[in-house]
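The primary structure of each chain is shown beneath.
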Amino acid sequence: NAGVMQNPRHLVRRRGQEARLRCSPMKGHSHVYWYRQLPEEGLKFMVYLQKENIIDESGMPKERFSAEFPKEGPSILRIQQVVRGDSAAYFCASSQSQENYGYTFGSGTRLTVV
Amino acid sequence: KNQVEQSPQSLIILEGKNCTLQCNYTVSPFSNLRWYKQDTGRGPVSLTIMTFSENTKSNGRYTATLDADTKQSSLHITASQLSDSASYICVVSPSNFGNEKLTFGTGTRLTIIP
Numbered sequence: 001n002a003g004v005m006q007n008p009r010h011l012v013r014r015r016g017q018e019a020r021l022r023c024s025p026m027k028g029h030s031h032v033y034w035y036r037q038l039p040e041e042g043l044k045f046m047v048y049l050q051k052e053n054i055i056d057e058s059g060m061p062k063e064r065f066s067a068e069f070p071k072e073g074p075s076i077l078r079i080q081q082v083v084r085g086d087s088a089a090y091f092c093a094s095s096q097s098q099e100n101y102g103y104t105f106g107s108g109t110r111l112t113v114v
Numbered sequence: 001k002n003q004v005e006q007s008p009q010s011l012i013i014l015e016g017k018n019c020t021l022q023c024n025y026t027v028s029p030f031s032n033l034r035w036y037k038q039d040t041g042r043g044p045v046s047l048t049i050m051t052f053s054e055n056t057k058s059n060g061r062y063t064a065t066l067d068a069d070t071k072q073s074s075l076h077i078t079a080s081q082l083s084d085s086a087s088y089i090c091v092v093s094p095s096n097f098g099n100e101k102l103t104f105g106t107g108t109r110l111t112i113i114p
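Protein sequence lines correspond, in order, to chains U and R. In terms of our numbering, the first sequence opens at residue 1 and continues consecutively. In terms of our numbering, the second sequence opens at residue 1 and continues consecutively.
Calculated directly from the structure, the hints in this document are not laboratory data. Any given hint might turn out to be false.
Derived EDC-like pairs: lysine to aspartate or glutamate, alpha-carbon spacing no greater than 16 Å straight-line [stated by the list, open to error]:
{"no.": "1", "chain 1": "R", "residue 1": "Lys17", "chain 2": "R", "residue 2": "Asp84"}
{"no.": "2", "chain 1": "U", "residue 1": "Lys27", "chain 2": "U", "residue 2": "Asp86"}
{"no.": "3", "chain 1": "U", "residue 1": "Lys44", "chain 2": "R", "residue 2": "Glu5"}
{"no.": "4", "chain 1": "U", "residue 1": "Lys62", "chain 2": "U", "residue 2": "Asp86"}
{"no.": "5", "chain 1": "R", "residue 1": "Lys37", "chain 2": "R", "residue 2": "Asp67"}
{"no.": "6", "chain 1": "R", "residue 1": "Lys101", "chain 2": "U", "residue 2": "Asp56"}
{"no.": "7", "chain 1": "R", "residue 1": "Lys101", "chain 2": "U", "residue 2": "Glu72"}
Calculated Cβ distances over 10 Å to all of chain U for the following chain R residues [to be verified]:
{"no.": "8", "residue": "Ile13"}
{"no.": "9", "residue": "Gly43"}
{"no.": "10", "residue": "Ser46"}
{"no.": "11", "residue": "Arg61"}
{"no.": "12", "residue": "Asp69"}
{"no.": "13", "residue": "Leu82"}
{"no.": "14", "residue": "Ser85"}
{"no.": "15", "residue": "Ala86"}
{"no.": "16", "residue": "Phe104"}
{"no.": "17", "residue": "Thr106"}
Quick reminder that beta carbons are idealized off the backbone N, C-alpha and C, glycines included.
Could you build all of it, start to finish, from the sequences and the hints given here?
Right, dumping it as structure tokens:
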């Protein structure tokens, strides 16, 4: 029973390019959460999705960032026209239901913008 | 503003010794408090989850305490091992449900030396 799978583990992008981060939740989990961790800072909530629906995107920047969780396939966090300040570790967590006790995190994607 | 503050920022102890990490929070309303262990380059892994009615919870050599009146929690590690070297993160949730964001502390970086 694989845990939350994130890929790639490391991603390097030049300024202005697009970054696509993927998250496959644990089997049976239909709730996905994305967090960002800047160096020396705590994780910050970005967006909460259920299958095909964005439930809460209050932590996600209004511009350049978008997220989806299609009926089939992984959840995608997309960052367009990346800037150096986007360099961070992006973590995905999933849970089976709205009750978040069973939160499980993936190993993260480390994005470096050069 | 909801905040979670942890102390110390970093701690170095000898293998076999005990240590206690502190967490103060101002999150309101409050539903549950979790302690996570985050190894370098990995996602956070849950150690304990406590609701406001629980005072203490153990997980092997890890024992967490909670005082909901003073809004303080501690994580006590006994007979430390080299594998305990990691960041320990205190996380507070205002709700049991996923659409309420978790508030993360910045963590205590623990180093165990032989």
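Item to check | Numbers of the earlier hints that this structure fails to satisfy, in rising order | outcome: 2, 5, 7, 9, 10, 16 and 17
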